[in-house]
Amino acid sequence: MQTPEMSAMATVGGGVAAEEEKEAAAAEEKEMRVMVAVDHSDGSFYALHWALENLFRKRGAAAAEALTVVHVQLPFQHHIIPAAHDIYATSIVVDSVRKAQEQNSAVILSRAFRLCKDKMVKAETLILDGDPKEMICQAAEQMHVDILVVGSRGLSKIKRAFLGSVSDYCAHHAKCPILIVKPPKEKLPTESSN
Amino acid sequence: MSGNLRCVIVAVDGSEESMKALRWALDNIKLRSPSSDAEAGSFIILHVQSPPSIATGLNPGAIPFGADLEVPAFAAAIEAHQRRITEAIFDHALKICSDKNVKVKTEVVIGDSKEKICEAVENLHADLLVMGSRAFGPIKRMFLGSVSNYCANHAQCPVTIVKDTA
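As given, the protein sequences belong to chains R and H, one line each in that order. Mapping the first sequence onto our numbering, position 26 (from 1) lands on 26, and the numbers just tick up by one. Mapping the second sequence onto our numbering, position 112 (from 1) lands on 112, and the numbers just tick up by one.
Keep in mind the hints are simulated off the structure, nothing from the lab. A quick note: this is a predicted structure, and the numbers were derived from the prediction, not measured. For glycine and all other residues, C-beta sits at the position ideal for the given N, C-alpha and C. Incorrect hints may appear among the rest.
Said to hold, decoys possible - Only part of the chain H face toward chain R is listed, based on derived beta-carbon distances under 8 Å: (1) LEU5; (2) PRO158; (3) VAL159.
Claimed, not checked - With a cut-off of at most 25 Å between alpha-carbon atoms, the simulated PhoX-like pairs for lysine-lysine come out as follows: (4) LYS20/H to LYS114/H; (5) LYS175/R to LYS103/H; (6) LYS20/H to LYS105/H; (7) LYS20/H to LYS103/H; (8) LYS114/H to LYS175/R; (9) LYS95/H to LYS105/H.
Start from the sequences and build out the full structure, keeping to the hints where you can.
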């Protein structure tokens with residue numbers, strides 16, 4: 001056994017057998033609860049893809065359901081701007097908007113679910129209504145997730161201030177560790193082996 | 001199946017939050033295990049030292065010998081002091097690593113922390129950056145330290161920010 005040195009690589013450990021055992025045991029307990037927030041943007045799907053690639057060890061039937069994919073629908077009132085005080089949305093309009101929203105969410109979540117299935121990770125999906133940033137943080141807290149994964153649009157500072165950033169808000173307010181995945185400059189998420 | 005992470009940088013600065021982030025990373029991030037076609041993944045513990053001019057305070061006029069750090073004894077004293085701080089930080093970090101039985105490398109850079117961290121991510125082709133965030137207390141817990149905020153926005157790789165839960 002060598003003592004750890006500052007400037008060189010430090011590897012402290014026992015025999016190979018003990019390490020293997022420890023690794024298996026460590027893999028057992030490393031099933032952390034992951035929550036990934038998705039919306040219609042490609043950035044969030046890239047974040048989901050990255051999480052599936054890198055955060056999950058045990059895959060397949062034996063794995064516990066450790067991934068929650070959450071999608072937050074904006075409340076439909078925002079879409080309707082009343083021209084006068086006494087004009088309210090009729091129930092037909094409300095229903096059709098709601099249906100369109102549900103279709104949208106269904107498309108997004110089925111895409112997410114398919115991605116999870118391809119990577120052989122069990123996932124559950126969750127649809128919430130409300131302001132995305134607040135709902136995501138609330139959901140993460142209520143479900144006691146171990147890590148929250150969000151994509152990022154990569155906005156500049158000024159745009160961030162005006163458009164608001166869900167990833168910024170979550171980074172500030174989520175109680176658990178947060179992973180912010182920005183889409184790569186290249187189109188394909190390849191390994192940086194070049 | 002192991003993860004695909006080849007290079008994970010953990011930025012430490014001596015605060016307890018960054019050590020907590022290091023412990024979290026060691027516990028939860030699985031690196032690529034050695035196989036025939038790829039080398040094993042490794043953690044890199046990165047510490048950014050503030051440049052000597054900052055270390056003396058922003059008012060060089062207060063130094064009795066003048067604005068420029070031409071006085072070698074004084075500059076050397078500052079550098080030695082900073083080196084000792086860095087060593088202490090790495091000692092603490094490596095002790096944490098040895099408890100967890102993981103391969104780690106250490107790296108020191110001098111400069112402005114947020115820029116240097118993002119630079120290191122680029123130069124080392126990191127797959128993930130882990131950092132703590134400075135928490136000043138329950139009220140300021142709402143605010144992310146400026147370094148982690150900057151890195152979350154500008155680093156080339158995914159960034160994990162580990163906060164200490166109250």
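Violated hints - listed by number, lowest first: 5
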